[in-house]
Every structure is written in structure tokens, then in C-alpha cells.
Amino acid sequence: MEFLKISKAQFQLSVGRMIDENFVYGVKAKSPSYEFDRLFTADELCLNYNITLLSPNKYFLPPRTPLMGFKLDGKISVDSMVGAQPGIIIGIHPYDLHALKLLDAVFLGNLKDAYYQARRQVIAIIGIDCLQPWQYSFAASMGTAFPPAGFDLWLTDTGDKYLIEVGSEKGEELCRKYLDASEAGEIEVKQREKLREESLSRYKLSLDISPQLIPEVLNSGWNSSMWEELGEKCFSCGSCTMVCPTCVCFDVRDTTELNRLSGERYRIWDSCMFDAFATIASGENFRPTGTDRLRHRLYRKGKYMLQRWGRLGCVGCGRCIHACLVDIASPVYAYNRLAREARTG
Amino acid sequence: MINKSNSESLYFPRPTKLIDVTALSEREILFRLRLEDGNALYHIPGQFVEVSILGTGEAPISIASSPTQGDAFELAIRAVGNVTQALHRLQPGDTIGIRGPFGNGFPVSELKDRDLLFIAGGIGFFPLRSMIQYVLDMRPLFGKIILLYGCRQPAEQLFHQELKEWRERDDVLIMDTVDRCPPETEWEGNVGVITTLFPGINILPARTTALVAGPPVMYRYVVAECLKKGIAKERIILSLERRMKCGIGLCGHCQIDNAYVCLDGPVFNYAKLEQLKEVEL
Ligand SMILES: Cc1cc2nc3c(=O)[nH]c(=O)nc-3n(C[C@H](O)[C@H](O)[C@H](O)COP(=O)(O)OP(=O)(O)OC[C@H]3O[C@@H](n4cnc5c(N)ncnc54)[C@H](O)[C@@H]3O)c2cc1C
Ligand code: SF4
Ligand code: SF4
Ligand code: FES
Chain A
36 MEFLKISKAQ FQLSVGRMID ENFVYGVKAK SPSYEFDRLF TADELCLNYN
86 ITLLSPNKYF LPPRTPLMGF KLDGKISVDS MVGAQPGIII GIHPYDLHAL
136 KLLDAVFLGN LKDAYYQARR QVIAIIGIDC LQPWQYSFAA SMGTAFPPAG
186 FDLWLTDTGD KYLIEVGSEK GEELCRKYLD ASEAGEIEVK QREKLREESL
236 SRYKLSLDIS PQLIPEVLNS GWNSSMWEEL GEKCFSCGSC TMVCPTCVCF
286 DVRDTTELNR LSGERYRIWD SCMFDAFATI ASGENFRPTG TDRLRHRLYR
336 KGKYMLQRWG RLGCVGCGRC IHACLVDIAS PVYAYNRLAR EARTG
Chain B
112 MINKSNSESL YFPRPTKLID VTALSEREIL FRLRLEDGNA LYHIPGQFVE
162 VSILGTGEAP ISIASSPTQG DAFELAIRAV GNVTQALHRL QPGDTIGIRG
212 PFGNGFPVSE LKDRDLLFIA GGIGFFPLRS MIQYVLDMRP LFGKIILLYG
262 CRQPAEQLFH QELKEWRERD DVLIMDTVDR CPPETEWEGN VGVITTLFPG
312 INILPARTTA LVAGPPVMYR YVVAECLKKG IAKERIILSL ERRMKCGIGL
362 CGHCQIDNAY VCLDGPVFNY AKLEQLKEVE L
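Chains A and B, in that order, are what the protein sequence lines are.
Count along the first sequence from 1, then add 35; that gives the number in the working numbering.
Count along the second sequence from 1, then add 111; that gives the number in the working numbering.
Just so you know, not all the hints are guaranteed correct.
[To be verified] Partial selection, computed: residues in chain B whose CB lies under 8 Å from chain A:
1. 122
2. 123
3. 167
4. 211
5. 352
6. 353
7. 354
8. 364
9. 369
Because the hints were derived from the structure by calculation, they are not lab data.
It should be emphasised that the depicted structure is a prediction, and the values quoted were computed from it without experimental measurement.
Note that beta-carbon positions come from the ideal geometry of N, C-alpha and C, so glycine has one too.
All chains should be modelled from the sequences, with the hints used to inform the complete structure.
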């Protein structure tokens, strides 16, 4: 592991140099929240943020991904849209990198999704520790408060400097090209440990059980009255899934130009919380109620994704808790309550 | 921009020519197709394809013919919405797109030497047809064959010619029924829902595997009858329909609990289905 340090002023100059030569995306303040967006000047970058509205996964699995273009003149001619613009993302928080690892398992598992893969290969990741967690986050108790492997560079705000961990060759190259950083020693690394340790006590929400036990409490909780109690309030708006960094479901649609000569097939984010998500052509809906859909979503997060892809489908970011207007979407509430119900029988 | 080739896209539909178009009824058409690259589809009975009309969309459709029937294959399609209606407007010689085959298909090797009880409700006949054709083409490999085929009314019964040929064979028993028979309609078969055929069949439960496809409401009653006949849960095999958007285990639409119908199905045995909480049978 290689560690470097750089003053914040120097870092800003480095970001400026990156912007000159690359597509750089970073966290911008967008009142009342923050959002990942293309940076045009280094001073737009805001690294002491609490949460972004959407996760940076939107760069790898965009809300709308063109799959192919075609001509309608009778013959199929599919122009490839499998491609990606190289770029650099600055400011990913640990929980979002955990979520990206889940997307890797989904889209680069048995089947390689070329659209995702293309983006993943050419977009570099510079993350940063989340030392002042958002009030809705429960990442600490989900084991996602610190970054997994898989970043190119990782920053820790140590006051007037950033400590930088180099995570890959691509990261090394970025340092060589853009960062005027000097070597860091054991003192800084120890300081990072301390800062990280201290951040854990700042989380307001936490899961009462080990995350490994979530599938177990779900196994016993299928018939809990909680599902109905929460689910009947759901108005199927899908907000809880649109903001979720681990939600991967999509619809596939076609559009045609007005001249009906050519068109495009694309995939677009979909939500298992929408009422017709599981409706077939005959009209049969296999998840007809808000209760069915809320339960499915939380089983998917807490059990199915783990079984299928080896990672929990919730990284504890808290976005869904905040997004739900009727206050029923919270995984930490549901899992804690089921754990309590399991204990008390 | 860094680009890759078409073939790397899992969504790339293979150009496929319609070589024959036969109306089965007012709502259903049988299409005979061949991949333009000359290859066979290399499918297993019970698998499905995603049929693509550029500019309109895709629909999952069961492969209605057996791989034993040659390189061309058949799809039987009921017009219900955008894609299926657009398909109904096509002519022989037109080109569509095909992705697949997808899904697990029927467990063909497990079915060897077994007595088979096919139970088809309405267009549930389509996915079963590939297996029935396979069995008839490879007849010595299988035991006794019974087909129960139920429709709502006589006009909805499809594949008359084929049924007639099968009826003439002495190595397969066909029993059909309609839920109701409007006055003045010609009908020689049974009247009543498909479960009313069960008392009339004679099977050896230990030797028999049931293969079931039909509308969702049918499954509960048919499974109950099969169990009553003494067929083991593992030997009751059902082909399911769910909403599908990708066919490759990514879009999430077809999920039942953690089972992806497009990957782990569409064929499931009842012992497995019984464990899924979202299935109420
Ligand atoms: C594995 C599998 C195998 C199948 N095999 C066959 C087969 O062999 N033959 C066959 O004919 N069919 C088969 N089907 C069914 C077939 O896939 C559907 O009929 C088809 O996808 C319909 O597509 P469409 O574009 O024509 O209809 P759509 O345009 O999608 O519309 C279908 C109907 O649903 C309604 N609808 C559309 N969207 C919604 C919504 N969001 N909520 C409520 N209603 C809506 C429409 O108004 C219309 O009545 C199979 C399905 C599966 C999953
Ligand atoms: S389920 Fe909610 S808390 Fe968990 S990762 Fe998704 S948005 Fe974040
Ligand atoms: S749980 Fe809340 S955010 Fe999610 S769909 Fe229902 S009402 Fe909308
Ligand atoms: S159809 Fe998309 S996951 Fe099964």
C-alpha cells in the first residue's frame, strides 16, 4: 500500500489540471443537497458533503442507456452503442463504492454486460472517507463505513491536507500526472485510523444485529404484521428505489424518430415498487399490493442479492429513508423490528 | 469515446426470416422462422426466445417446435399488445430479431422412460408443444403419453390438424375439454374445466411425470389433482409466465422470491415452487 499526502490548496490545483485534460465528475453543492456532476472548474468540487441525491453509480448504470440504434427500412442494421467516455469521478463515499462492487457482481458476473463494462473500464475512481456521516446513514453498522478494495485513489480529510491511498496502477498514473503529492508516513496513516475510528460514533442510526443475520430475520419475518402496516401507506412512487445505489432493475424500450426511418432501443431504470412491475400481458399482477412490493424490495436488499451475487443489497446509505414521504422505506427500521419480533416471538 | 463491437452486446437480436405464417385462429398465428446466419437455434424443448421488432420492442415467446424438427423453428403468438400485434402484421419473407434461446427448458433426460401426462390450458399449449413434438419424434424413449387440453370454448382450440394426426396414433392418448360450449357449436369432447378430465385418466403415479402450462389460475387446481393422483411433487413440472424485459437475469421483472424465471425457469417442479413464498399454489 502506498500513501501520499497533499495540501488542500495543491489538491485543488491538481483537480484543475485533471479538468483541463479529462471528463471529470465530482460532488457539487446543489441546494438543498449535493449531486455528482461534471466539473468545469476545480472550485466547484465540494468534498465535505454528507450525501448526494443519486449515487455515482449513475455513471456506470445511467438512468437511460442506449443499447442500439437501428434503421427501420426493413433490414436490421444495429449500430453499436457499446462504448464509453473515459473520465474520472472524484468524491465517492465508502458506502457507494460498496454498492458499486455489488453492481460489478451483477453486471460482470456470469454474463458480461458490455455497456457497464465499457464504462467501468475507462472511468477512474477517486474516493473519500465519510467522516461526518449523514443523519440517515447507518453505514457503520452495515460494515460499509470504510472503502473496499477497488478504488484508484482514496482521500482522507486530515484538516489542511488530504492523505491519499493509492489503490491501483491507474491511481499511480493519476498521481504522477496530476498530483503534486509527497510521501506520507506512519504518523498520517495512524491519524487516518483515528479519524475513521472517531467517525463511527457519529452515526445516528444503526442496525441492532450483525448484517450477516439479516437473511435469518427475514426468514422468520415473512408473515409479520409490519409489512401490511407499512405497505398499505405506500403510494408506489418508486423514490426509494430511484435513489438507491444498489437498485439495478430496468425496463427496455424502443423509440423511433418522427420520420420513422430510424430509432433506438434503450434501457431505463425501473422500480419494483411501481404497481405494474410484475404485471403480465393478460393483466395478472404477481405483486398487486404495496405490501407485496415493499416486502419484495426489502427481501431483495437483505437476502436475495446476497444469495445471488454474494453481497447484501443494502449499504446503509440512508437515501431511501430520506426519500420516502410516508416514512416506510427504511431497511434499518424493518430489519431491527423483525429482529425484535424474532427475539420476542 | 471507446467503442466495442455489436456481438459484445447481450441485447443484440439475430436477424431471423419468417418463412411461413399460418393463422391458428383470429388471435393466434403460427410463425415458422429461420436464423439468417443459417444456424439452428439449438434449443431445448420448453425454452423461450425474445422476439424483437425494431422500433416496437421485444416479447418473450416460447419456442413451440421441437429441435428434432430441423433447423427452422416455430413460434405461436397471440396478439395482445404492441409487439405481438406488430408481429401479426408481418408476411413471409419479412425479417425480425431473435435473442436466445433462454431459460432452462424441460428436464428432457429426467423424462426419459417416464410416462408423461401433459396438461395444457389455452395457449399453455404453446410451450408444451415443443416437448410433445420431441416426445413423439423420439417415441421409443418415453413411456405412456397422455395429453389433457382444455380451452374456454371450442373456437379457442388450436392445432386441429395436428391434434387429429396425434389422435390417429395409438401411442398417445388425447383428451380435450372446453369450459363451456355455446349452443349450436360443434363439439365432441368433454365440457367442464380441465380438472374434470382427471377422473377419466388412468396412470401409474410412480411412473408418471406431469408437465403443466396454462393461465396462472389453472395451476392451483391442476397441481391439487396431480397430487391427488399420487404424482410426486418433484414430478409435477410447470412452465410459468412472468413479466420479462431482458431474458438474461438482469432486469428483475421476472423474479419470484429469489428465483429468476428467465434463468432458473420458466420450468420449475412443484417441490421447488412450493418453497417460494411468493407462489401461492
Ligand atoms: C416465458 C414466456 C413465454 C411466453 N410464450 C408465449 C407464447 O408462446 N405465445 C404467446 O402468444 N405469448 C407468450 N408469452 C406472453 C407474451 O410474452 C406476451 O403476450 C407479450 O410479451 C406481450 O407483449 P406485447 O408487446 O404484445 O404486449 P404489451 O404492449 O406489452 O401489452 C400487453 C397487454 O398488457 C397491457 N399492458 C401493457 N403494459 C401494462 C402494464 N404496465 N400494466 C398493465 N397492463 C399493461 C396492454 O394494454 C395489453 O393489453 C410468453 C411469456 C413468457 C414470459
Ligand atoms: S436500501 Fe436504502 S439505505 Fe440501503 S442502500 Fe438502498 S437507498 Fe441506501
Ligand atoms: S416505500 Fe415510500 S418511497 Fe418507496 S414507493 Fe412506497 S411511498 Fe414511494
Ligand atoms: S427477464 Fe430480466 S431478469 Fe428475468
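* Hint check: 8 Å Cβ-Cβ cutoff, residue 211/B to chain A -> Not OK, violated: residue 211/B not within 8 Å of chain A, min 13 Å.
* Asked: Measuring from the C-beta of residue 167/B to each C-beta in chain A, is the shortest one below 8 Å?
  -> The hint holds - residue 167/B has a Cβ within 8 Å of chain A, the shortest such distance being about 6 Å.
* To do: Would you check whether residue 123/B satisfies its interface hint, that is, whether its CB is within less than 8 Å of any CB in chain A?
  => It holds, given that the least Cβ distance between residue 123/B and chain A is near 6 Å, below 8 Å.
* Asked: Is the shortest C-beta separation between residue 354/B and chain A less than 8 Å?
  -> Holds - the Cβ of residue 354/B comes within 8 Å of chain A, reaching about 5 Å at its closest.
* Agreement of hint residue 364/B with chain A interface, Cβ distance less than 8 Å -> holds (6 Å)
* Identify whether the interface hint at residue 122/B stands, where standing means a beta carbon of chain A within less than 8 Å of its own. => Residue 122/B check passes; min Cβ-Cβ to chain A is 5 Å, inside 8 Å.
* When the nearest CB of chain A is found for residue 353/B, is that gap smaller than 8 Å? -> holds (7 Å)
* **Supplied contact hint for residue 352/B, tested at 8 Å Cβ to chain A** => This interface hint holds because 6 Å falls under the 8 Å limit.
* To do: Verify the interface restraint on residue 369/B: the C-beta must sit less than 8 Å from at least one C-beta of chain A.
  => holds (4 Å)
In terms of the numbered hints stated before, the structure departs from hint 4 and from no other.
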